[in-house]
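Peer 1: Please work from the sequences and hints to get the whole structure.
Each chain is listed here by its residues.
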Amino acid sequence: MIEFAHIVYEVVIWLFLLYSAAVFLIYIWVGLYAYGAVSRYNHENTFTEYNFIATNADAPTFSLIAPAFNEGMTIVENVRSLLSIYYHNLEIIIVNDGSRDDSMQKLIEAYNLEAISFFIQGNIKTKEIRGIYKSKNPAFKKLIVVDKENGGKADALNVGVNISSGDYIVCIDVDCILEQDAILKLAKPFLEQTDKQVIACGGVIRLANNCKIENGKVVEVNLPKSWLGRMQALEYIRAFVLGRMAWSRASGLILISGAFGAFDKQIVLACGGYDTNTVGEDMELVVRMRRYMEEQGKPYEVVNIPDPLCWTEVPESKEVLKKQRNRWMRGTIETLWKHRKLMFNPRYGRLGLVSLPYWFFFEFLGPLIEFAGYFVFLLFLFFGIINWPFFFALFALVISSGILYSIYAILVDLVSHQVYSKKKDLAKLIVTAVLEPFYFHPTVVGAGVRGVVDYFRKKHGWGEMTRQGFQQTAIEEPLMKRLGRQLAFALKNFGVVALVFLILYMISVGAEWWWYRHSFTQLAEANTGGQLLLDNLYFAFQVLLGGGVVYMLLQFVSRWWATALVTFSFSFIVIMQYILFLYYAESRNLLGADLFYYNIEEMKQILNTSGMLSFTNIALLTVLVLVSYLPFWIFSKRSLSTIYIGLAVLLLGLFSSFVSLDSFLFSSAKGDLFVENAGRSKWRYFFTSNLTNYIGEHQAIFDRWRDDNSDSADHDDRFPFLRNEDTEDILGSFFKKTDTVPNLVFIVVEGLGRAYSSPSGYIGNFTPFIDSLVKRSLHWENNLSSSGRTFAVLPTLTGSLPFGPHGFLEQDSLPPHFNLFNVLKKNGFSTGFFYGGDSNFDYMKKFITYSGADTVVDQNAFSPPYKKLPEQGGESWGYEDQAVFTKFLELQSVQQKPYFHVVLTLSTHNPFLINNASYYHKLFDQRLANLGLPAENKKWALENKKQLVSVLNLDDALRQFFYAYQKRADFGNTIFLITGDHAMPEIPLQSKIDRYHVPLIIYSPLLTAPHTFINTVSHFDIAPTILAYYRENFNLYTPSQVTWVGRGLAEGISEKGDGVALMQSKNQLSDFIYRNYHLSDGKLYKLDRRLNADPITDASASELLLHRFDAFKRKNKLFYTNKELLPDSIYRGYFDGGKP
Amino acid sequence: MDSIFHRVTIHELIIAIVVVLSLVFLLIMLVLLYSFYKYKVLYQRQIWLQESEQKVIQAIVSGEEISRVDEEFITRLRNPSFRNVFLSVLVASDQKFSGGARNEVNNLFKIYKMEDAAWQKLRQRKSYLVAGGILELAVMRVERAFPDIASLLEHPKRQVYQEAQYAVVSFKGFDGLDFLNTLVVPLSDWQQLRLLRSIGKLPAAHEEWVKNWLSSSNESVIIFTLRLIRKFQLLPFYADVINLFDHTAVNVKVQAIRTIAALENDETVNQLIAAFFTQPIEAQIEILRALKKSRSPQSESFLQQQLWHHPAISIKIAAAEVLIALKQHGYLQRIATDETVPEEIKQVIKHALQEKT
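These protein sequence lines map, in sequence, to chains A and B.
The first sequence begins at 1 in UniProt numbering and counts up by one.
The second sequence begins at 1 in UniProt numbering and counts up by one.
Chain B stretches covered by chain A per the calculated footprint, using a threshold of three residues with CB under 8 Å from any CB of chain A: (1) 10-17; (2) 20-31; (3) 306-318; (4) 338-350.
With a straight-line Cα cutoff of 27 Å, these simulated DSSO-like cross-link-like pairs (lysine-lysine) come out: (5) B:Lys40 to A:Lys212; (6) B:Lys346 to A:Lys127; (7) B:Lys38 to A:Lys422; (8) B:Lys293 to A:Lys136; (9) B:Lys327 to A:Lys142; (10) A:Lys127 to B:Lys350; (11) A:Lys142 to B:Lys293; (12) B:Lys55 to A:Lys422; (13) B:Lys346 to A:Lys136; (14) B:Lys40 to A:Lys422; (15) B:Lys350 to A:Lys136; (16) A:Lys125 to B:Lys346; (17) B:Lys38 to A:Lys428; (18) B:Lys38 to A:Lys423; (19) A:Lys185 to B:Lys157; (20) B:Lys293 to A:Lys141; (21) B:Lys96 to A:Lys217; (22) A:Lys423 to B:Lys40; (23) B:Lys96 to A:Lys185; (24) A:Lys196 to B:Lys126; (25) A:Lys141 to B:Lys350; (26) B:Lys346 to A:Lys142; (27) A:Lys298 to B:Lys157; (28) B:Lys157 to A:Lys196; (29) A:Lys424 to B:Lys38; (30) B:Lys126 to A:Lys185; (31) B:Lys40 to A:Lys424; (32) A:Lys428 to B:Lys40; (33) B:Lys327 to A:Lys141; (34) A:Lys225 to B:Lys40; (35) B:Lys293 to B:Lys350.
Calculated directly from the structure, the hints in this document are not laboratory data.
The beta carbon of each residue, even a glycine, is placed where N, CA and C say it ideally should be.
Peer 2: Next comes the structure, spelled out in structure tokens:
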């Protein structure tokens, strides 16, 4: 997880850097290229005579179209200004777009207009035209005024296009002031076209704010008074003189400003005119015209000329500016979305390969990425993980690059056009350039981001909004029809949410697979990616079915609640998916319902000690929550135009619920369990595990539900585990005869699997001391622990006890039973439990206390100089194994009375941090060199170095312990039993049985000869055998009726027994061993003499094991529902009575 | 954060960023300094412009008196920047004025030996300078420069050969159009209009060239020639122009029709009507425009037929407009009030009736 956080952190920073570098390079290119374009234009036109065109009958006709909406205050003056434009073949079309003021009246009066009948030839669909007017005065014969219903700017322009008779149309905002020679200059590129058709031409727009205007002409140019105005003046210079000139030269221009641009009318008509459904109609039209030309395969050009031809008022209030930028951003998105087909499409040449991608990545994504940058910065700041030198350097670079670009733009403008030629104005512009990045730029970025949000939440777009107001019409409709409408509407809404969920969920699955491949070489080679994808896809559709049904029903009650519920649950599922797979990668365990068997304190401890609660992780989690929720929030207000997607999702959900996935999966039974589990959907496992668990806990309800008689068979048998004690003593013959009752010490090593503690283990032997002991011990090669985690080791090892619902110790109160502690104590032993961590963990203390142990040592008993294990995330699991062993020797002095102690070690627990790590790393390297492992094993060993180093440390601690013990008088009369509680799931498991395969060694100076046993035994067999040994050889008093699950080491898991159930985690009772078969999660494996598992299909064996497993489960259930293992009389009888 | 990225690369990154940052700062300084310098230059240029304009106006107003050479001005003209400004003012003035004033401007060229500056430009490598030199020499009417300029007609740069074309025409008039015989690249409308403007009269022996151009494979040459025929009313080419009705390019057809309308004779109306049905819509509209211009009653029934039966609205409208030009108001109004007539035709007529001409 920590590494994952690092990588995400680095990827984020690198992406930002790369993006910034790209922006930097593009601006350099724009700057240089534009300079060339501007100079070339100026050189070519130094001596150009424009005037002869103005009166030439052969010159093309231009139709100037100016839409006006509520411009009554200025319209008469504005039209007068337009009428004074110097060009003969010109018609001026003023389109009154349904103004609510007196615009029309004023125009009629001022220009002596009369309504005429006019046949409109253009075929673009528009709002209704109320009337067309021309002047009675021949002086104004160029003027046409159209009065129409309000329909927006694009609609008004379309009316103008329909009416116009010119070869070219010039679209302007009516409040613009055009230079006298504006049309002449615009006409030149059209007249100069030869091999390439010029389809559109734009000129430079300048700010009229604060300029002196007389008779509709700009007579004195000044910079705006406000800073906001000046910053826009600067921005316009950058955009028109640099940006558009560069793109024009590169034949990549896709934006001619709506305030002033000329277009080839035939092409505009062929394309269908302006799009009235977008707020960015100017850009959209140019893209559509270019698209049309590309599709027709005709060579064409879109030109921008650097002459300042048009003057316009810009907003000097921040609010209006924000609205304007918001609209521009929405326009950009709408255009990009509408023409998405062109993106990266080589058929559309530069338009598809350069221009549109540029607009997508830099004009659209730019503000978003910048905004995300601010956000990430705040996050880093909050968590204090900013590298300040790096930040300041980068910040200074970004700001100064912006300033450089602005100043450069001022220079180019100065050299070429001298619009702002006053010294004072130039100085102000330079100051503006310095201030702009701090004030104006963030405002524009903010407005852009707001525009994106607005676009996705409200206006047009993905799947065309169809808001149906069925509420209004609902009253008159018949019920069925109304229901149908509402369901259809709900399906459209759900479709969007479902798509968002599918995309986000599958992205998370992609991340999961990438992460596995990145972190584990064995997964990089494994071919389970497809399986992971399929399983998750199946799960996603099942979730969608569930969510969909709930949504459909709930929306009849309240649409808001229905949407809120599905969006929250879906984003929760996405977030959990990340957590689940990271948990798996970290612990190599599937997370199931066991999550809920830890209380909050324990959970906190686990999280702390594993280093999960770092700032980086919390920051990442915050980001994850945002990223997983925002898309739902944005899209939940929208709906698709069709019900079919929603319907298809639900049908696929049904399909996935009824058609088993197994039929699609390639056989994955063979091989590594870790790899196999990596290919499973972590969510499905988590979900099923919790569901099964819930059903288990509420069995009564489900039973009643199912069948009343099903459970009656065993009603009479209240104590299913109770039997007569008949365990055979196999130990006696290996020990010297002695009169003194030997001491007994159990050393239970955390996570000691056989794979890495035995020369024949598939990883290698990393416990040289234990191995040396084996050669002098009784040794069971094929021994199984009863559980995949620590929670069951104490009850199994010392009491051969069943599991109960979630482990024996999880029960509210422990039912009376026999175990080594209380039985040996009854026989005069001192008993004790030694542990370096918190003995409350997994309720171990409850068990020890119940058993009446004399000594309980846990972390509270230690103080310096005993060393704790190194901390991670501010927490340590407790004291190192060396400390525990030393403490043991310190507290247990040589005594007359025999003693029985259990020592549980800790150092080999995740996160595998040890003191003096460098020494053991060296030891590891030496060990690896000496072992001469095959390449495969060596690779595995290196991959799990951290774990194996901690094992070496434990082994060394044990060596020191025995060394010290040997010097004591009681050593010669002590029996040591060493075993593991389970194998580490963090080290790859070849098959599922390996999780339970742990060494079992009984060593004592009393042994007469070592011996290796190869029968399969389990931890359940130990307590009975130990007691049998003491009973038979030292005449200890043991109960005559017992509830041992195991049959003793002599028998182990044999034909005669009932088989043994193994519990993987607190909620997962899914493994059963009988004879040489292993049934795991419904799959059957055959075990060989070394407990290697081979998947087989054998219906009868399966049936047999299932039957036995069920029998065990029934017995187990009976015990925990009755909350008693044996009759009170037997228990009391044993403890209250004496030896008969 | 002790990954490789943080231990090593971030340090390097910071160094890299600081290096770029210093570069950016340096550039900011350079750009600022250059801007100040440019501002000064431009400011100076502004003063020179005013001085030059003053000089020109003085010369025009006081006429011959200027023969006294301003020695001080000559000294200052040694500054190449000032010389360029003065030259540009002279060229602009020459283009602006005519007659005596223009002669005075030309006189200034000679007095101050601006020719040398123009010649120098002609030998430059940058095409805009060469083009500027051509223009200046042409405006100054330096006949000696003709061969040099003519050789630039084949220059690969558009700006240069266009300026050369303009120059040879302004030197030689129609004879300067020699280059059209071999012209392969298209002649833009802009250039055509510019050239046309510079041709004041036609020599007697023009026929061969014009005929030749009309059959040129370069469409723009044909169109230019048609414009030339229109401008000079070259009636002998009537038949050749009619032949161009069958040219493949729509633009040529349209220009040909326009030209025929300008050369109109008794046959024209019938010929236009005869050609009408085989033409594309753009050419048909041009034919109707021609009919409107000729106002011949011969076309009446043809126009009525188009108004009623032509599928294209634009043709109907154009036909109605011609009928109005033919004073057929009565006929049209009758139709407009007839209830049996389709609404579309009524609207077309109403549109046409109110058309102001």
